[in-house]
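Engineer: Chains as they are written, first to last, in our numbering: chain A, 1 to 71; chain B, 1 to 559; chain C, 1 to 634.
Please note that a few of the clues may not be correct.
Listed next, with one range per pair, are the computed distances between beta-carbon atoms [stated by the list, open to error]:
{"id": "1", "chain 1": "A", "residue 1": "Thr11", "chain 2": "C", "residue 2": "Glu33", "range": "26 to 34 Å"}
{"id": "2", "chain 1": "A", "residue 1": "Glu16", "chain 2": "C", "residue 2": "Arg134", "range": "50 to 58 Å"}
{"id": "3", "chain 1": "C", "residue 1": "Ile593", "chain 2": "A", "residue 2": "Glu16", "range": "22 to 30 Å"}
Note that these hints are calculated values from the structure, not bench results.
Even glycine gets a Cβ: it sits at the ideal position worked out from N, Cα and C.
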Amino acid sequence: MQEELVFINCTDDRKELLNELLASVIDNCVADEYTMRITLKNDSWDTISRIKILQQFTGNYIEGKKENTNA
Amino acid sequence: MLRIAELSRKTEDIREKATDLIEKAGKKLILDQECDKPIKLVFAGQYSAGKSSIVKMLTGNENIGIGAGITTQETHSYMWNGIEIVDTPGIHTQLRPDHDEISYQAITSADMLVFIITNELFDDHIAKHFRQLAIDKDKAGEMLLVVNKMERSSLGNTKEQQDIIREDLRKVIEPYTPEQLNLSFVDANSFLESLDEEDDEIAEELRARSGYDEFIEVLNAFVDEKQLTGRLTTELYEIEAQLDECVVELQPKSEDIDIDALEENYLQQRHELFESRNRLQQEIKDIYSKEAMRLRSLGMDSANLITEDCKQDEVEHNLELAVTEGNEIIELCQNRALQVLETRMTEIGLAIEDLEQAEFTQKLIGRLVEKYDILPENVKGMLSNAGKVAQKAGNVIVQNTYKAGMHGGLKLASFSGGNVHTIILKAGHAIKFKFKPWQAIKMARGVAVAGQVLGGFGIAFDVFMQIKEDRDEIKMREAIRENKQNIRGKFSAAANELEDYGIAFVQDNVVSPLDDSIQELDTKIAEIRNTRAGKNELCIEIEKLQRECQNLIREIHST
Amino acid sequence: MKNNDIRKTLKQCKKAAENGYKLAKKQYKSLNETMDASSSKIEMTLAHINSSNCYVSEATDSLVEQLANTRELLGKISYSQNEDIVDLSEKLSTFSITLFGKTMAGKSTLMETLTNGDGASIGKGAQRTTRDIRTYTWNNLEITDVPGIGAFDGEEDEEIAFAAARKANLILFLITDDAPQAAEAECLGRVIELGKPVVCVLNVKSSIREGENSKITLRNIEKAFDDERLETLKNQFMAFASLGGEIWDDIPVISVHLKSAFLSLKTENKELSKILAEASRINQLKARIIEEVETHGKYYREKNFLDIVSISTLDIYEKLLYHANENRLLSEIIKDKKSQLDLWIKKYKRDSLNQVDSFITGIEAELKLELPAFVEQHYDDEDVAKAWNELIVQKQINERTKSLSDTFIEHADDRIKELARSIEKEIQYFSKIGIDGNVNIPKMHRIFDTKKAWDWGVLVAGGGGTLISGILFFLESPWAGPVGWVALGISVIGRFGSWIFESRGKKEERAKKKLEENLVKNIAEISEALRKQLKSVVEQVFKGQLDAQSKELKRIESLIIYLADTQRDLALGLQPNLLEQSKQVLEAALKLIFGGRWYTKRIERAARIPGKLLVAQFNENSSIPVKKRRSYGN
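Construct the entire structure; sequences and hints are all you get.
Structural biologist: Right under this line is the structure:
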């Protein structure tokens, strides 16, 4: 019921997946073979879930950091 | 007051406080054996030349027995402001040969050897003993020659009288010059009397006549030249390092993990610079020692040219070769030192750069750049001044300024390739200027000895030939020995000068530049620690002592 | 009544459940195969580690332990999944609903109402009334009442509640019109994470006295149902959602007054009973429950089975990726440190050997310089050897050599200490900034195994403590210093022959020369011996400590990378399973929405976060016949 169903249209390329899922919230992304490090410019309520979905699709660890975090 | 005594006292003071505080922190202050060896100041010389008075003049020690009737039968040593004062029995001539043994033992490890004579009592035997000490035992490098009881001479302790005595002594102390032996003229009694004198004017006059102030100046200059204070700084650095260990343990954390990490980065840089500095110091010092030794050996070999059957032109020819070789050794030494300096400094630059490029530092820089605007002002200041090195001469400043949003990125390194270039440039230039002004004859760009040797020989050879003709064996042996001594002496003198130069070289081109960077880091680290709240009493106290220690080190280095 | 309808629906639910069961078994089997493969991979890794080097340090042990724990974990997951599947399979015909809520929320009241019970289990005010799980039937639905959540010192009760929740098809989450608590909200979050559909029941509590005027009763109840008031309450509770970065707006909230619902059954007065029942709004609740079953029941039953496998698989997948990432970062630190150390070691070796050179040269020269005076003094001394040896002793050559060798050892020691210190600091920093601001950190609470704490796969979390002690291993090892010091000096110096025909002077000169030669020879011997000693010290320090340390760092780095790679491989091994499971849930969902006319073949892949998000990925070429984003089921 609370589980939202979303359709996306793209290939398996992780950049495309990133775009489809998180375009509206990401600021920047740096990626290597194993990980993608995303900086978020803002976030919406389902950002974390989308990040985890991306993780499932890509097999990469996705690090998502908000900008200007204080220690 | 003798400057080194003051510094030594302050060092002792800090050592005591440090022992106490470190114990409170639950550890023990452990110092090397090296640090346990105090600076040794030995007084030697003629019997009844007034050694004890001079010791008293310098130290103010009441316990010294003074007077013609009371003689010191044994070597006395005691501590004064952390310095070991050794008062040896006088060198008798015929009466007490075993006294001489005792004295020579004590003299071996002297850092400063004050050899005291008087104008009246100076004779051939004393001269011989003196030369034995200076040349054979090779103590000329540590010697200060003092003529006491000046007020008993006809003109008193005046410039005129001093000049006369100086000339008299010149022959005896050959091949060394009065300047090389730091010749001083004092009258200890006048000084001691001036202390008890009630009339101010008379007291002032007495003090002036004692030559005390000039003597102190000579001693201080000597200490500087030989960098005896190095011993103190070694101990102070060791103490400082152990205090720092305690501070690191007692230190609370900042609220900002990146500032903590910044401190860590500075600590790592400091450790690298500090350790490299010590190693480089040792390496270059070794170079000079080694070459100085070679000069001395060369001197010894050259001295062996003098045999019963030697021929003058052969000897002179070989001596010339030896002198040329000596100059080559000196030049090689300086080039090698410069080369090593450059290579090692570059290595240091690379090591610091390596730290800069490490994952840890890069991550830290990334985060600092991101949060630059919200960093506290003093931290921003630190980041803006990274890598600033002001050279003492020439005002070359390498600066890495960082402003938020600037391209070119933030650097934390306090020492870089740019520094090295500047340092080498300066060191290279300086080599040309660094010799003593009283050298009459220069062989090349370096220390001079040559002319004197050959010149000196001319006379000796005449006499020598004469003696040979006379077939006076004893006289012959005497002459041989004397000439050998002369030759050895010349080379020894050059060796000492080279070593002295090496000390200055190291100080100027290794210690000072690196110290600047180390100091810069220390300041930043202290700054970060200052802003931490919630420190306990002990931590604050230890930090205070640590600063005291650093200040004393700075004071010592600033001469 | 709708009983007939619901029975039909329930039959269909049973079919769906059977299907789900079949699928779950298949998934389970497939997952097991993956886990077996993973287990073998771990075995291989362990064998590799244990065989590769003769050197076992604490660091190695720690890494080995991480892998062993992972393997154990995989086994546990498999076991618990199987248990759950078996449990559920025994209740294929049952549609189960679980009641959740804090103590005194009204769960017992609801139960008594639905079962028309005697009210014995309704607590009057004491905490923790329901200790165990109680099950009852209503309308052919199985309702389970579990211990209250959020009570002080009630962790055990909570875990019992969640264990029951795992098997439920639908959750009724009870809250009251008291101030909502964070603990309750947290529990709701966890329930949602389990993928469970939730209907929130807001139990309005105003006290009713038996036997009071019914007008007053009604009035009080109506007041409690004030719309604005309830709206505010709802919003307060839903506000907690944003704490976890979620939105619970879609959760239906039904308000009831359970007390009066219960009373309506108990009162003999038929009139009053009717009034109370209506005022309580209990029928709306009942209707809602039935609606849920009828519209989504099949989907829930099928999904329930699939969820069992998905949720724990997803959990371990995420954790494996996270830890692999952390370990990779850790290996970078070690790599940097090793290269810094290597630079230093090179310098150390070179500088030390230089120092040895200078030192020996110095000693040689020092002794040589003593020769003229010594020879002069002792050439006709009978005990010249003794005198020479005394001189050597006086020069303290042995002490100075030992002091220099001690310096070498000290420097190496210091450097290693500094290494350990800086590694520890850097690891701490990395682990902190890793967490700082990162929104994607796996939650550490258990999904299925409550007792043990997560301590596997992460070297970083503990500050790398065991890693550090592994490095410091070298400092502890006893340092066997150089064996003994060379006896310097000489024992005997040959006597000189008499050259009868030579002059005394010549004789003397010859004697002196002979002595000097002997002494020069001895000096050379001494310096040779010392040089050998010192060089061997440097070699020992270099090989025994420094070089070994550097090699160990390399080994540790490789092991960590190996561990990271293994973890990642394991995750990648699980990935197909996850995607497959998600796809099946998607199929079930689409069946629900479109009634089976949908061709799931057009779906490339699907990924799912239970309870939150289900994403279907399409090929470029196929068309999407519906709007891109759509919430279903409302």
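Engineer: Now, for every hint given, state plainly whether the structure supports it.
Structural biologist: To see whether the hints hold, each was checked on the structure:
1. In this structure the hint that threonine 11/A and glutamate 33/C lie 26 to 34 Å apart at CB holds, the actual value being about 28 Å.
2. Here the CB-CB span from glutamate 16/A to arginine 134/C is close to 52 Å, well matched to the stated 50 to 58 Å.
3. Taken as a hint, the range 22 to 30 Å holds for the pair isoleucine 593/C and glutamate 16/A, whose Cβ atoms sit roughly 26 Å apart.
Of the numbered hints stated above, none is contradicted by the structure.
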